[in-house]
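Undergrad: Below, each chain spelled out in residue letters.
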Amino acid sequence: DSGVTQTPKHLITATGQRVTLRCSPRSGDLSVYWYQQSLDQGLQFLIQYYNGEERAKGNILERFSAQQFPDLHSELNLSSLELGDSALYFCASSVGAGRLGNEQYFGPGTRLTVT
Amino acid sequence: AQKITQTQPGMFVQEKEAVTLDCTYDTSDPSYGLFWYKQPSSGEMIFLIYQGSYDQQNATEGRYSLNFQKARKSANLVISASQLGDSAMYFCAMRGVRGAGSYQLTFGKGTKLSVIP
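Here the protein sequences come in this chain order: U and G.
Its first residue numbered 1, the first sequence is counted upward by one per residue in our numbering.
Its first residue numbered 1, the second sequence is counted upward by one per residue in our numbering.
There could be a bad hint or two in this list.
Stated by the list, open to error - If the Cβ cut is set under 10 Å, some of the chain G residues that face chain U in the computed set are:
1. Met-11
2. Gln-39
3. Ser-42
4. Met-45
5. Ala-88
6. Phe-91
7. Gln-104
8. Thr-106
9. Lys-112
To be verified - Below 16 Å or equal to it, Euclidean Cα-Cα: the simulated EDC-like pairs (lysine to aspartate or glutamate) are:
10. Lys-109/G / Asp-40/U
11. Lys-9/U / Glu-44/G
12. Lys-3/G / Asp-29/G
13. Lys-70/G / Asp-26/G
Think of the hints as simulated: they come from the structure by calculation, not from any bench.
Quick reminder that beta carbons are idealized off the backbone N, C-alpha and C, glycines included.
Please model the complete structure; the sequences and the hints are all you need to start from.
TA: Pasting the structure below:
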């Protein structure tokens, strides 16, 4: 158990809908990262927050947004869902932001299926 | 830009034998970190081992060791005394210290390891 929690574990929804994925980082970790894992794209970085502020953006679609709250939990919002958004979404956390050696610990993931 | 290449889509190893999973990388960052993660069929990503580019010694964690050859830009994972529970996907990843690559991990496509009893 990495100490990172994600809810829900599974999510099935229809095209055009909006969903919210939730992540709680390990105790003491200030950084939260979101990754998407799909069969065709592999593991891709979406976005990072550090202590409530956006720190880095990767291949995140405009239909997707995220935030980190004062209690450090984070939510990833996916809207106008398409079939291609079906994937495993991971949240990871680390103590710091950019220092090497700050390993990222991953949550169990949320498997999103868009039908 | 950073790039990770894992050329072995799948590997088989006999139980109790050692196995090496290959990883090569490309980066222009002077400092970087290399990571290996394990993903069992249940889906979670488990951190295994970390190697900093300026670390003098190769990293080891229990049965895992990282064979780091900086000049060849390779960071191979060695698993000794393989166990049935080692059957999983293994991902090599890296992070730099400058620009956008200093935050997120860049992953390879993974190697599926199957341990044969």
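Undergrad: Going back to the hint list, which numbers does this structure go against?
TA: 1, 5, 9
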